[in-house]
Amino acid sequence: MPMFNLSGLSNEPKEKNYDVIVVGAGPGGLTASIYARRAGLKTLVFERATEGGQITLTNMVEDYPGFSSISGEGLAEKFVDHAREFGVKFANEEVMEMSLDGDLKKIKTDMGNEYTAKVIVMATGSNPRKLGVPGEEEFANRGVSYCAVCDGSFFKDKEVVVVGGGDSAVEEGIYLSKIASKVRIIHRRDKLRAQKIVQERAFKIPNMEFIWDTVVTEIGGKDAVEYVTLKNVKSGETSKLETSGVFIYVGLVPNSELVKDLVDVDQSGFILTDEHMETNAKGVYAVGDVRKTVLRQVVTAAADGAIAGVDLTKYFD
Amino acid sequence: MAALLSEEDRKYLVDLFNKELESEVKILFFKSDNKDECQYCDITQQMLDELAETSEKINIETHDFNGEGELVEKYKVEMIPAILMLDKDGNDMRIRFYGVPSGYEFSTLIEDVIAVSKGGEVDLSEKTLEMLKEVDRPLKLQVFVTPTCPYCPRAVAMAQKLAMKSPYIQGEMVEANEFPELSMRYNVSSVPHIIINEGAGEFVGALPEDAFVEQVMSVLKGA
Ligand SMILES: Cc1cc2nc3c(=O)[nH]c(=O)nc-3n(C[C@H](O)[C@H](O)[C@H](O)COP(=O)(O)OP(=O)(O)OC[C@H]3O[C@@H](n4cnc5c(N)ncnc54)[C@H](O)[C@@H]3O)c2cc1C
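Top line first, the protein sequences correspond to chains C and X. Note that my numbering has the first sequence beginning at 87, numbered continuously upward. Note that my numbering has the second sequence beginning at 24, numbered continuously upward.
It cannot be assumed that every hint is accurate.
Unchecked claim - Distance condition first, Cα-Cα at most 30 Å in a straight line; then the derived DSBU-like pairs of lysine-lysine:
# : chain 1 : residue 1 : chain 2 : residue 2
1 : C       : K102      : X       : K188
2 : C       : K194      : X       : K188
3 : X       : K42       : C       : K164
4 : X       : K150      : C       : K100
5 : C       : K100      : X       : K58
6 : X       : K150      : C       : K192
Said to hold, decoys possible - Some, not all, of what chain X presents toward chain C, calculated at C-beta under 7 Å:
#  : residue
7  : E144
8  : E153
9  : C172
10 : Y174
11 : P176
12 : N200
13 : V214
14 : P231
Everything labelled a hint here was simulated from the structure, so no lab data went into it. Every residue gets a Cβ at the ideal spot worked out from N, C-alpha and C, and that includes glycine.
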């Protein structure tokens, strides 16, 4: 991983009209853009944070084929470089409004710019789901975090808890165990959902502990987080646990606010598509984490992007 | 010491600067040779030296934080390593980097160099430019970051773009890990964390332009 990373540079588009506009520069959007460019289409990708998407939020990726072990940042950079090489344009702007009917779709961004395209690919990914307990909002920047790689260093030699039992919870717990003095994983069931290989690794870590069948009911403290209250879901017993940090990995919410009234979504807001990744609005595609799908990973987001990137060429024949 | 920039990135920057840089950019770098005082000064220096080699239009001027009190005073440099930029006429563009602009922050530094060489040309909405006209008092925006935080560069860029467009605004990046005491003072534990005028206002997270500007303006109105 380079110490000095250039993947965030935008190549400032002055041009406002495109064949294809991709919203979100995660693995799904970047793959769609690569395919669209290779089909000769003028393609612009919007990104409100850093190019690469959520994968930049993890330290290590070990399940993207071709790379037995690569940092999230490193993998993201490869995706971005690949897209750049084929002439994809990037704009560091947040899409705020869209109008999707008709042949020419319109987009407005936070910088007040307007763009048009014939085809839109929604690749806005997902965000961490909130726990929804008292104290979570209040301490949101005082010890509650949803990003271990961003905020982990503030908890050097302190005790932290991680809430959740899936891949992200356990992997980020492992990452934190190298910084914090102690990591306790609080999971509401009696076994983890995380991949076996990740579990085995976690069970061997001396400063990592598991609290099973337990949910967090409150996050408390004075100026910063000092404790969480816990409830055992089997016995009903409650207890208090001192901690400086609470890292929350309890699932995802789709970033579909922009379009949830414009295209079909499921109850949770995930965008519905056909097998070509097209939504019920013609010329509007959805790929990756934001889509209703059975697996949300880099490889599946990329696969979605490829399918959309090829299918959308039908609008330009 | 081995080069910090990969050959690929170096080439990329040479091309980019060839295309984009207009007038000269002077980078002032404040440091100390005392390692206990500044663990990261050496690496910052090396990074800047390598950067300067990618374009004739980038000039680095290194100053001693302890020995050059007048300059430190003039530019109100508070800690080291510190980077600031002057345009071709020697005007302070009111941007500061405290700590190594490494990781994702490196892109922000590069974008600043380009913007400064174009006399402070940055992309902001009409609405924001209108709002900035109302700013009539100094506003210091300190954006606390970590180099591994992908949401952070946007917040730094936003603060620094505002700085380039308003003579009252200063936009600073502060690498939180390098300045633990300052981070502690403001209770920084999630980044980006933006501190306005030494705590008169604050917010956390990378907000879209409108919301960011609103937060900044609310401090002005509240005071
Ligand atoms: C901590 C963590 C660890 C993970 N580990 C792994 C792993 O080991 N292996 C694996 O395969 N997967 C892993 N994942 C999952 C993987 O990161 C996602 O499945 C994948 O990134 C989804 O890609 P995407 O393109 O659909 O969306 P994302 O990667 O979420 O990208 C969407 C992008 O869209 C941008 N965006 C959203 N709205 C707007 C807007 N309005 N305007 C402009 N831009 C916008 C966002 O800023 C974001 O960058 C992990 C995820 C997390 C959080």
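Output the numbers, in ascending order, of every earlier hint that fails for this structure. When the structure is compared with the hints, numbers 5, 7, 8 turn out to be violated.
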